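Visitor: Line by line, the protein sequences are chains S and A. Here my numbering is used: the first residue of the first sequence is 1, the next is one more, and so on. Here my numbering is used: the first residue of the second sequence is 1, the next is one more, and so on.
Keep in mind that the hints are not guaranteed to be accurate.
Listed below are the simulated EDC-like cross-link pairs for lysine to aspartate or glutamate, each with C-alpha atoms no more than 20 Å apart in a straight line [claimed, not checked]: (1) 292(S) / 232(A); (2) 239(A) / 312(S); (3) 229(A) / 300(S); (4) 239(A) / 235(S); (5) 282(S) / 309(S); (6) 217(S) / 144(S); (7) 292(S) / 161(A); (8) 292(S) / 252(A); (9) 24(A) / 126(S); (10) 250(A) / 235(S); (11) 323(S) / 240(A); (12) 282(S) / 161(A); (13) 285(S) / 247(A); (14) 221(A) / 128(S); (15) 230(A) / 303(S); (16) 323(S) / 227(S); (17) 184(A) / 251(S); (18) 285(S) / 303(S); (19) 229(A) / 293(S); (20) 250(A) / 220(S); (21) 292(S) / 30(A); (22) 184(A) / 30(A); (23) 184(A) / 303(S); (24) 157(A) / 251(S); (25) 285(S) / 240(A); (26) 157(A) / 196(S); (27) 244(A) / 309(S); (28) 217(S) / 309(S); (29) 217(S) / 14(A); (30) 2(A) / 44(A); (31) 264(S) / 240(A); (32) 239(A) / 230(S); (33) 250(A) / 207(S); (34) 24(A) / 309(S); (35) 292(S) / 44(A); (36) 184(A) / 220(S); (37) 323(S) / 312(S).
Not everything, but these chain S residues come out facing chain A in the computed CB check (under 10 Å) [stated by the list, open to error]: (38) 33; (39) 100; (40) 240.
Think of the hints as simulated: they come from the structure by calculation, not from any bench. Please read these numbers as outputs of a predicted model, since none were measured by experiment. Glycine included, every Cβ here is placed at the ideal spot set by N, Cα and C.
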Amino acid sequence: MNGVLVLMEQTGSSWHRMSWETLAAGQQLGADLNLPVWAAVAGNGLDALGAELATRKLDRVYLVEHGLLESYTPDGFTAAYEQLIRKLEPSVVLLPHTYQVRDFAPKLATRFGRLLISDAISYRNDGDGLTFVRQLFQGKLNSDVKSVGGGITFASLQAGAYRAEALQAGSSEAEVFAPELNAGQIREAPEAPFRESARAVDLTTAEIIVSVGRGIKEQENISIVQELADAMHGELAASRPICDNGWLPMERQVGSSGQTVSPKLYLAVGISGAIQHQVGMKGAKTVVAINKDPNAPIFEIADYGIVGDLFEVVPALTEAVNKARG
Amino acid sequence: MKILVAIKQVPARDSQLRVDAGGKWIQESDLSFEINEPDAYALEEALQLKDKHGGEVVALCAGPARATSTIREALAKGADRAIHIEEEDLSSIDALGVARLLAKAVEAERPDLILTGLQSDDQGFGQTGVIVAELLGLPHGTIVMAAEVKDGEIRVKRELENGWFQHVTMPLPAVLTIQSGINKLRYATLMGIKKAKTKEIKRVTVADLAVASSPVVQTGKVYLPQRTKKTELFEGDPKEAAAKLVERLKFEVRVI
Chain S
1 MNGVLVLMEQ TGSSWHRMSW ETLAAGQQLG ADLNLPVWAA VAGNGLDALG AELATRKLDR
61 VYLVEHGLLE SYTPDGFTAA YEQLIRKLEP SVVLLPHTYQ VRDFAPKLAT RFGRLLISDA
121 ISYRNDGDGL TFVRQLFQGK LNSDVKSVGG GITFASLQAG AYRAEALQAG SSEAEVFAPE
181 LNAGQIREAP EAPFRESARA VDLTTAEIIV SVGRGIKEQE NISIVQELAD AMHGELAASR
241 PICDNGWLPM ERQVGSSGQT VSPKLYLAVG ISGAIQHQVG MKGAKTVVAI NKDPNAPIFE
301 IADYGIVGDL FEVVPALTEA VNKARG
Chain A
1 MKILVAIKQV PARDSQLRVD AGGKWIQESD LSFEINEPDA YALEEALQLK DKHGGEVVAL
61 CAGPARATST IREALAKGAD RAIHIEEEDL SSIDALGVAR LLAKAVEAER PDLILTGLQS
121 DDQGFGQTGV IVAELLGLPH GTIVMAAEVK DGEIRVKREL ENGWFQHVTM PLPAVLTIQS
181 GINKLRYATL MGIKKAKTKE IKRVTVADLA VASSPVVQTG KVYLPQRTKK TELFEGDPKE
241 AAAKLVERLK FEVRVI
């Protein structure tokens, strides 16, 4: 039990940006616990990425390389990282809470009889072990979570939980770690990633976005939000459930699985503001939220808010906007 | 094809949540409960695969006695039978412990396919399906948006980030975690509701499953998040609130 291991994520030739946030958290944690900090990345042909990683303040960089790690598979990555962790015996393993991590990290932690503390937003060192803060109920409540029973603490960190700018530069050595893998143990056959047909709606260039969520209740009701969007001279967008229901096309979806937008104004109507939505719109200059629940997480990032029944507020707002325009 | 679908009952989406007296969970007494949304899509996917390939759909649910209403609903929609791991205080068992219980119950059934939602709306660990797969030694696919069964294999469309997708093929049996929106949910028919009353719900207890497991994570206090941003809130009469907001949008944000 002797260090903090950060598992980085790469996509062929570049880094997943959340890896840097997690590495910054790892450096901080190492300093707090007075432990060495190691970073590892799995793949094939990692020289260039490894050289870049070695310019950060780390005690060692491990390049987990194997031909069978060229494409990501949960079986391959789990087996490879398992071997590295058995060798290093870290006390903490930190990962960015990406889609890939969601796919393999629970499996990896289970191999060690541990549970991944997933999607944590912060940690603190109380002296008697690390406490992580997690969100419950789509961000409505927080909870403190602690690893117990001894063994390695596995935790993944939410996007934006730590800042990549806090990363300290330095120099360290990159070492190749060659795991023992054979093709027979990898059961998943992945194909090349693809995007659905070109997007007809580009929300990323919109100055004003009026976005509708679950609070709208019925498809027919969306028209009142469309009217507001028209009055505002803005684009209509939606949170995931609206597109899941087929009420608006997927290309109007804002969030981790949809578009990431940064308009001048983002007006969220009946959107509770789960993290999956927030990551797609946090970059907006001004956020306005209309929601009947004063504890909705959207209010945590809103500049202005109206707590009330959207079926009364939205038409009133449309009228007021039209009046203001004269 | 025998398909097992693991479902969970959670507080209804628009619930006003209050922390309970112990400070470690929410007050449940005044809440209404429903099926966890991604699990509803997993159930629908199971039913559609059965419609196409024949076989049986078994609903598996760990939860207190109140979860019976969610199980009945699954049966009314078309699940053939159900297994209810009855445990009044599920929140005291961590996600690894719950996955161990589910895995034990699955083992005896030997299904060809296990489906579940990608995460729960309450605790949101987002791991149960993957852990069950690992415990059972099965391959898995997560965040699945389409599934096609052919010749003992399953080819799934996985959602990646930023609008990317990927197809992955793996042998059966396998575990899939289903993303909301994969299909269109059906409603239970009157006939279905009637039939559900005669379908079997096998009840087992945690003790029956005899899974040795000590907790590996411990949940401390549960609390309202602290606001980091100062929000100017307009309350009261909608017309007045709207007028005040428009004033800000015009003179401060300058978008009108």
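Visitor: Now tell me if each hint is right for this structure.
Guide: Okay, the hints, checked on the actual structure:
no.	hint	result
1	292(S) / 232(A)	15 Å, holds
2	239(A) / 312(S)	8 Å, holds
3	229(A) / 300(S)	6 Å, holds
4	239(A) / 235(S)	23 Å, violated
5	282(S) / 309(S)	24 Å, violated
6	217(S) / 144(S)	33 Å, violated
7	292(S) / 161(A)	30 Å, violated
8	292(S) / 252(A)	24 Å, violated
9	24(A) / 126(S)	18 Å, holds
10	250(A) / 235(S)	18 Å, holds
11	323(S) / 240(A)	13 Å, holds
12	282(S) / 161(A)	16 Å, holds
13	285(S) / 247(A)	17 Å, holds
14	221(A) / 128(S)	16 Å, holds
15	230(A) / 303(S)	7 Å, holds
16	323(S) / 227(S)	14 Å, holds
17	184(A) / 251(S)	18 Å, holds
18	285(S) / 303(S)	9 Å, holds
19	229(A) / 293(S)	17 Å, holds
20	250(A) / 220(S)	29 Å, violated
21	292(S) / 30(A)	19 Å, holds
22	184(A) / 30(A)	30 Å, violated
23	184(A) / 303(S)	36 Å, violated
24	157(A) / 251(S)	18 Å, holds
25	285(S) / 240(A)	24 Å, violated
26	157(A) / 196(S)	12 Å, holds
27	244(A) / 309(S)	16 Å, holds
28	217(S) / 309(S)	12 Å, holds
29	217(S) / 14(A)	11 Å, holds
30	2(A) / 44(A)	15 Å, holds
31	264(S) / 240(A)	24 Å, violated
32	239(A) / 230(S)	19 Å, holds
33	250(A) / 207(S)	15 Å, holds
34	24(A) / 309(S)	31 Å, violated
35	292(S) / 44(A)	30 Å, violated
36	184(A) / 220(S)	18 Å, holds
37	323(S) / 312(S)	17 Å, holds
38	33	18 Å, violated
39	100	8 Å, holds
40	240	7 Å, holds
Hint check: violations occur at hints 4, 5, 6, 7, 8, 20, 22, 23, 25, 31, 34, 35, 38; the rest are consistent with the structure.
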